[in-house]
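Line order of the protein sequences matches chains A and B. Residues in the first sequence are numbered consecutively from 14, following my numbering. Residues in the second sequence are numbered consecutively from 50, following my numbering.
Quick caveat, the hints were computed from the structure, so don't treat them as lab data. The beta carbon of each residue, even a glycine, is placed where N, CA and C say it ideally should be. Just to be clear, a hint being listed does not mean it is correct.
Said to hold, decoys possible - If you only want the chain B side, here are some residues facing chain A, beta carbon under 7 Å, derived:
#1 Thr-153
#2 His-202
#3 Ile-366
#4 Leu-370
Claimed, not checked - Label pairs and their calculated CB-CB ranges:
#5 B:Pro-235 - A:Pro-68: 35 to 43 Å
#6 B:Arg-91 - A:Asp-258: 34 to 42 Å
#7 A:Asp-258 - B:Gly-362: 50 to 58 Å
#8 A:Pro-104 - B:Arg-390: 51 to 59 Å
#9 B:Asp-207 - A:Leu-57: 46 to 54 Å
#10 B:Asp-207 - A:Lys-251: 32 to 40 Å
#11 B:Gly-362 - A:Pro-259: 19 to 27 Å
#12 A:Asp-55 - B:Gln-84: 23 to 31 Å
#13 A:Asp-258 - B:Asp-62: 24 to 32 Å
#14 B:Pro-331 - A:Arg-60: 39 to 47 Å
#15 B:Glu-356 - A:Pro-104: 56 to 64 Å
#16 A:Arg-273 - B:Arg-188: 22 to 30 Å
#17 B:Asp-364 - A:Gly-66: 36 to 44 Å
#18 A:Gly-66 - B:Ala-395: 18 to 26 Å
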Amino acid sequence: MAAGERRRVAVLGAGLIGVDLASKIARSSKLELALVAGRSRDSLGLRRAAEMGHPTTADGVRAVVESGPFDVVFDATNADSHAENWAALRPTGTTLIDLTPTGLGTVTVPGVTVHRSAAHRHLNLISCGGQASIPILHAIAQRCTPTYIEVVSTAASASAGPATRLNLDQYIATTSAAIRTFTGTRDVKVMVNISPARPAPPFRVAMTVLADDVRPAPVRTSIAAAADTVRAYAPGFKVTSLAVDPGRIAAAVEVTASSRHLPSHAGSIDIINAAAVLLAEQSATASR
Amino acid sequence: MKGSTPVNRTPNDPRPQVLIHDPTLRDGHHAVGHQLDADQLRTYATAANAARVPIVEVGHGNGLGASSLQIGRALLDDATMLTTVREALTSSKMGVFLAPGWGTSGDLAAAVHHGADVVRIAAHCTEADVTERHLATVRNLGAEPQGVLLMSHMTSPDRLAEQCALMVKYGAQAVGIMDSAGHYLPADVIERIHAIASAVDVPVIFHGHNNLGLAVANSLAAVEAGASVIDATARGFGAGAGNTQLEALVTVLERHGFDTGIGLREILAAGDVAADHLMKAPPSIDSIAVAGGLAGVFSGFKRPVLEAARTEGVDAIDLFLALGERQVVAGQEDLIGDVARQLKAATR
């Protein structure tokens with residue numbers, strides 16, 4: 014591929030996640046959005062994508078295969094459809110970035126696994142809670158040996174679409190497994206709240222790490238550095254509380270959305286989509 | 050329909066039936082930091098069974114899978130709690146509670162394996178669609194699925210009715226609301242139960258808390274408005290001001306002309322067993338409890354709120370009111386410390 018040429022990409026799924034993804038891709042200088050594929054012509058998401066000027070189809074994965082090959086396809090459908098989507102797209106040679114919580118592809122968090130992930134063609138972004146917590150937990154695990162990690166995500170009701178709501182068990186299983194992988198900690202618990210509060214609260218992820226060998230200064234330094242890395246692609250990411258005590262670290266992060274197409278409480282969507290676009294851009298660079 | 054009538058209803062009794070669902074060994078856990086031991090579970094379950102309580106619910110205060118640093122770690126794991134209570138119940142059914150996001154389908158399968166008959170799947174008031182998969186799972190496991198809405202005061206009667214109808218569509222065989230913060234007045238309950246009962250064709254559930262001293266009155270109002278499954282705990286054992294008091298409720302319902310199938314002398318004995326074995330002191334309506342009811346904050350927050358208020362040197366009632374303004378829901382215990390620190394900073 015010539016320098017300056019943009020990678021041709023498609024978004025599969027036109028829910029809350031797919032529509033914001035389309036708007037983020039449209040702002041990327043390295044990606045060209047060639048198709049947004051939904052399953053219903055009447056869906057609000059497809060209409061919004063069309064209004065934004067993107068080519069759309071209601072024929073789902075079939076249309077993505079037929080209009081391909083794409084350099085990158087984003088799967089923003091749901092965990093139940095993902096395996097089928099991968100089976101259909103794999104022979105086309107595309108890189109598939111999976112935003113559903115299946116955990117089938119190589120689990121990936123920008124900044125934590127970017128160097129290894131560029132070599133893979135099937136990436137899984139775990140979950141919004143995974144994207145918000147793993148950079149911090151990974152940083153902590155470089156400085157101590159956790160014996161137990163607990164993560165509690167709270168997302169505003171309006172930011173959790175139907176696929177997310179149906180997939181809470183997979184969300185928990187995939188997020189727990191990824192935290193185990195990235196921190197080397199066996200005992201991990203993940204919980205999720207969906208808050209009906211009005212006005213809607215920002216996306217929040219509270220983390221508690223138990224470890225016998227906590228040294229406060231290096232832990233704080235590592236967390237601050239990890240937060241800076243995330244903020245580079247998700248500007249609304251902020252560590253809102255941090256207590257480092259002997260044996261126990263408690264941290265909370267909040268993410269407010271900084272995208273034009275998202276309300277500020279939808280930080281959960283903002284961070285996973287920002288990570289997806291960044292990885293697509295990096296995969297483009299890596300294969301040149 | 051499996052299990053939606055009292056198991057021990059009096060034969061040929063012409064009086065209308067009310068099914069009492071007893072979460073003493075689940076919701077009561079909030080009052081003691083989830084620390085009930087096997088002897089305590091066995092002793093109370095035996096007494097409730099002897100009183101012909103139709104359903105005895107057991108578990109961590111926030112249900113299956115909820116034992117955590119965030120909400121509080123239980124002394125016993127779910128399997129131990131369930132097998133202990135199951136062995137003590139010869140006629141009563143065993144109930145469990147699960148909120149998707151706190152527990153998973155794996156926890157449901159284990160609970161039914163350990164003998165759970167009735168499984169409540171819970172969601173916050175406007176979030177019923179998170180229960181779809183879990184209600185289906187319970188049905189497929191062969192237990193009776195029910196759906197309940199937590200923190201129900203946070204939305205309108207119409208919305209509650211619509212959410213309950215959704216849970217019926219997902220397979221719930223009884224649906225209803227929890228007054229998790231003890232916020233309702235009888236008129237609030239009547240309006241909501243009316244709306245729900247008009248929208249569904251399955252039994253309607255009401256679960257009260259006593260923050261404003263109205264749990265029994267609200268439960269009676271619920272029955273008059275069309276609810277036929279009422280939750281109540283022995284001595285009102287539960288977080289803060291506690292729940293609807295079981296012994297008082299059964300007596301009130303019987304006096305009012307309803308049949309609960311529960312033996313009066315035996316339920317009074319079960320109340321005494323609870324008082325002697327489960328709690329240091331019976332729940333009382335202290336100032337914190339009233340503030341929580343007024344602010345609409347989950348009763349289970351009392352212990353962590355007192356702790357955070359002490360740590361940060363702020364007033365616990367101010368903290369409850371501030372949490373109410375943030376519309377914090379059960380499960381968001383991680384916010385309590387943050388809000389306490391913000392209060393402290395604001396008063397400097």
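The hints, checked one at a time:
no.	hint	in the structure
1	Thr-153	5 Å, holds
2	His-202	11 Å, violated
3	Ile-366	21 Å, violated
4	Leu-370	15 Å, violated
5	B:Pro-235 - A:Pro-68: 35 to 43 Å	58 Å, violated
6	B:Arg-91 - A:Asp-258: 34 to 42 Å	38 Å, holds
7	A:Asp-258 - B:Gly-362: 50 to 58 Å	18 Å, violated
8	A:Pro-104 - B:Arg-390: 51 to 59 Å	55 Å, holds
9	B:Asp-207 - A:Leu-57: 46 to 54 Å	23 Å, violated
10	B:Asp-207 - A:Lys-251: 32 to 40 Å	37 Å, holds
11	B:Gly-362 - A:Pro-259: 19 to 27 Å	22 Å, holds
12	A:Asp-55 - B:Gln-84: 23 to 31 Å	53 Å, violated
13	A:Asp-258 - B:Asp-62: 24 to 32 Å	60 Å, violated
14	B:Pro-331 - A:Arg-60: 39 to 47 Å	58 Å, violated
15	B:Glu-356 - A:Pro-104: 56 to 64 Å	58 Å, holds
16	A:Arg-273 - B:Arg-188: 22 to 30 Å	43 Å, violated
17	B:Asp-364 - A:Gly-66: 36 to 44 Å	55 Å, violated
18	A:Gly-66 - B:Ala-395: 18 to 26 Å	47 Å, violated
The structure fails to meet hints 2, 3, 4, 5, 7, 9, 12, 13, 14, 16, 17, 18 from the earlier list, while all remaining hints are met.
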